[in-house]
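Asks: So the chains spell out like this:
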Amino acid sequence: MSVIAPQFKFSEFVKSLLDNAFWILFLMVLVGLPAVMMILFVIDLPVIDGELLTPFLAFTWLVDPTRTLPIIHALMATDFFRIAVFPGFGFAALLAAGTIFAERKMLAKMQLRVGPFYCGKIEGILQLMGDGLKLISKEIIIPAKADKPLFWAAPVLFVATAAAFVSLIPVAPGWVVADIDLGLLGVFAVIGFFPIITILSAWSANSKYPFIGGIRALFQMVSFEIPLILSLLGVVMLTGTLNLSEIVESQSAFPWIVFLPIGAIVFFITMLAELERIPFDLPEAESEIVAGWLTEFSGMMYGLVQLGTYLKLYAFAALFVVLFLGGWHGPMVVPPFPYEIITEGITMGPVTAQIPGLPLFTQEMLNGTFWFVLKTVAVIFFILLPRGVFPRIRVDMLLNLGWTKLIGLCFVNIFIALGLLYAGVLGPGGLQ
Amino acid sequence: MADAVFLGLTVITIGSAIAALELRSLIYGSIALMGTLGGIAGFFLLLDAPFVALFQIAVYVGSIAVLILFTVMLVKRELIFKKIEDRRRKFAGIGLMLVTMMSLGAIFLESGIKDITTDEPAVDFRDIGADFVTYYWPALIAMALILAGSVTGALVLARREDVENDQRAS
Numbered sequence: 001m002s003v004i005a006p007q008f009k010f011s012e013f014v015k016s017l018l019d020n021a022f023w024i025l026f027l028m029v030l031v032g033l034p035a036v037m038m039i040l041f042v043i044d045l046p047v048i049d050g051e052l053l054t055p056f057l058a059f060t061w062l063v064d065p066t067r068t069l070p071i072i073h074a075l076m077a078t079d080f081f082r083i084a085v086f087p088g089f090g091f092a093a094l095l096a097a098g099t100i101f102a103e104r105k106m107l108a109k110m111q112l113r114v115g116p117f118y119c120g121k122i123e124g125i126l127q128l129m130g131d132g133l134k135l136i137s138k139e140i141i142i143p144a145k146a147d148k149p150l151f152w153a154a155p156v157l158f159v160a161t162a163a164a165f166v167s168l169i170p171v172a173p174g175w176v177v178a179d180i181d182l183g184l185l186g187v188f189a190v191i192g193f194f195p196i197i198t199i200l201s202a203w204s205a206n207s208k209y210p211f212i213g214g215i216r217a218l219f220q221m222v223s224f225e226i227p228l229i230l231s232l233l234g235v236v237m238l239t240g241t242l243n244l245s246e247i248v249e250s251q252s253a254f255p256w257i258v259f260l261p262i263g264a265i266v267f268f269i270t271m272l273a274e275l276e277r278i279p280f281d282l283p284e285a286e287s288e289i290v291a292g293w294l295t296e297f298s299g300m301m302y303g304l305v306q307l308g309t310y311l312k313l314y315a316f317a318a319l320f321v322v323l324f325l326g327g328w329h330g331p332m333v334v335p336p337f338p339y340e341i342i343t344e345g346i347t348m349g350p351v352t353a354q355i356p357g358l359p360l361f362t363q364e365m366l367n368g369t370f371w372f373v374l375k376t377v378a379v380i381f382f383i384l385l386p387r388g389v390f391p392r393i394r395v396d397m398l399l400n401l402g403w404t405k406l407i408g409l410c411f412v413n414i415f416i417a418l419g420l421l422y423a424g425v426l427g428p429g430g431l432q
Numbered sequence: 433m434a435d436a437v438f439l440g441l442t443v444i445t446i447g448s449a450i451a452a453l454e455l456r457s458l459i460y461g462s463i464a465l466m467g468t469l470g471g472i473a474g475f476f477l478l479l480d481a482p483f484v485a486l487f488q489i490a491v492y493v494g495s496i497a498v499l500i501l502f503t504v505m506l507v508k509r510e511l512i513f514k515k516i517e518d519r520r521r522k523f524a525g526i527g528l529m530l531v532t533m534m535s536l537g538a539i540f541l542e543s544g545i546k547d548i549t550t551d552e553p554a555v556d557f558r559d560i561g562a563d564f565v566t567y568y569w570p571a572l573i574a575m576a577l578i579l580a581g582s583v584t585g586a587l588v589l590a591r592r593e594d595v596e597n598d599q600r601a602s
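Protein sequence lines correspond, in order, to chains A and B.
For the first sequence, my numbering begins at 1 and goes up steadily by one.
For the second sequence, my numbering begins at 433 and goes up steadily by one.
Every clue listed holds true.
Lysine-lysine pairs mimicking DSBU-like chemistry, simulated, CA-CA at most 35 Å apart:
#1 B:Lys522 <-> A:Lys148
#2 A:Lys148 <-> A:Lys138
#3 A:Lys121 <-> A:Lys138
#4 A:Lys145 <-> B:Lys522
#5 A:Lys109 <-> A:Lys138
#6 A:Lys109 <-> A:Lys121
Partial selection, computed: residues in chain A whose CB lies under 7 Å from chain B:
#7 Leu182
#8 Leu185
#9 Gly186
#10 Phe188
#11 Ala189
#12 Gly192
#13 Pro195
#14 Ile196
#15 Ile199
#16 Trp203
Hints listed in this document are in silico derivations from the structure and should not be mistaken for laboratory results.
Backbone N, C-alpha and C define an ideal beta-carbon position, used for all residues, glycine too.
Work out the full structure, taking the sequences as your base and the hints as a guide.
Replies: See the structure below:
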């Protein structure tokens with residue numbers, strides 16, 4: 001007998017399943033199919049190869065690989081694919097999820113613990129899924145005297161801002177959601193929204209700990225934004241562009257970290273502060289102020305904030321790779337696509353399958369993505385590492401570091417960049 | 433398309449500006465102010481000046497609005513919801529605003545703005561930079577000196593002889 005449900009009866013369970021199936025079928029027949037028919041009645045169906053693309057014809061094509069691959073090609077060329085799947089949200093969320101698991105496991109190993117272990121049998125590999133299901137099923141509790149519109153809006157806005165940041169990152173040649181001319185300036189503009197959302201959510205909870213955490217977050221983010229922007233100016237001076245794709249293109253021979261190590265170090269430190277990670281995790285100091293500005297969030301609202309935090313972490317690591325480590329550049333390791341598959345088809349015993357339009361991705365794109373992901377994962381590793389090593393620093397030390405030392409180092413970095421430019425080492429007439 | 437966007441931006445900008453003045457809650461007022469500043473960034477985008485638009489967002493929405501929010505949150509709680517009602521001053525303010533806007537509009541319409549051709553390509557931000565260090569350099573230097581002077585003055589004013597504590601970071 002189960003302890004959780006002492007009244008459990010298998011027959012009742014089967015009945016509930018059948019009930020659910022019956023109601024789903026019933027509603028689909030009475031509501032779903034008429035709705036689909038009404039939509040089909042309104043929209044104009046396209047004519048392809050002289051045939052009207054009815055739903056039946058579309059299903060027939062879907063099971064034919066010679067017809068589906070061009071459709072997949074066309075889908076991959078759309079903006080929707082870029083925003084939702086590859087260089088955009090889906091790719092970043094996948095890396096973010098991997099980061100959460102790797103962080104827990106790695107910290108546990110560093111501190112001689114086991115970490116997630118039981119969920120999923122093999123080294124707790126399904127722990128993240130379990131956590132997600134738990135967060136979805138939990139009740140969302142809103143404090144009685146909270147400012148409800150702002151409190152509801154804050155997690156959504158946080159994820160949206162992080163996703164906007166992700167959309168500016170070029171992953172492989174030509175694979176970027178928003179390839180704007182002023183990409184780096186766009187990054188600065190997007191980063192400026194995080195403190196606003198943080199302080200608004202902290203204020204709207206109408207509770208002491210979130211408010212203290214929010215004020216700390218505001219202090220920290222606003223004061224570290226200035227060295228962050230200044231530390232990237234050296235790269236902009238050397239490349240003469242603000243477009244992130246062009247900045248990556250300029251590093252085909254060597255990454256900028258070779259010439260601007262001070263800028264890279266300063267950017268890394270400010271990155272840790274903007275991400276509120278140890279040793280700069282004052283806004284979420286769990287040993288002082290419960291969970292900082294996240295205290296009153298529960299259920300999926302907390303899950304959304306967590307997702308936004310890790311998307312932001314991925315985006316910052318990717319920005320470091322794009323600006324200082326050469327982005328997608330690296331030795332070609334992906335073998336060229338075997339072109340006899342296109343001309344002769346795949347022979348499996350007596351059957352030969354002709355599959356036109358097969359190379360879904362070019363060799364450059366696969367290679368670029370490989371190197372980009374490798375470098376980004378390395379940078380994320382170095383972002384996670386201090387959490388197992390360092391203690392938290394005090395607020396006055398943090399502000400002192402940000403306002404005096406880092407800004408000074410930024411100017412040193414800018415003068416190094418200017419010296420390289422005017423000495424003719426880099427820029428026109430120089431190495432690049 | 434551009435006209436519809438322009439109308440939408442105008443409604444957002446003016447509406448949130450009125451909201452910023454009229455809302456009782458100071459926090460929502462400052463959020464409305466952010467809407468106004470963001471709407472102005474939208475106007476810059478419509479005018480093919482993305483550089484200025486992004487700086488508008490980064491500086492005004494990202495920094496100035498944050499400072500205003502920060503100040504508002506440090507105000508005493510009773511003051512946030514305090515009601516000050518004075519109908520005569522309100523109508524006087526509306527009248528003054530109408531007069532000002534009408535005279536400004538008359539000046540704009542007289543200035544020959546109708547004859548401007550608007551099919552110019554977007555100005556490259558590199559040209560803006562080149563103009564700054566060639567034609568406009570005296571203005572740039574003067575601005576830099578004024579800013580440096582004001583920052584130094586603020587530092588001198590804010591300086592205090594704190595009690596030295598050996599636990600503080602030096």
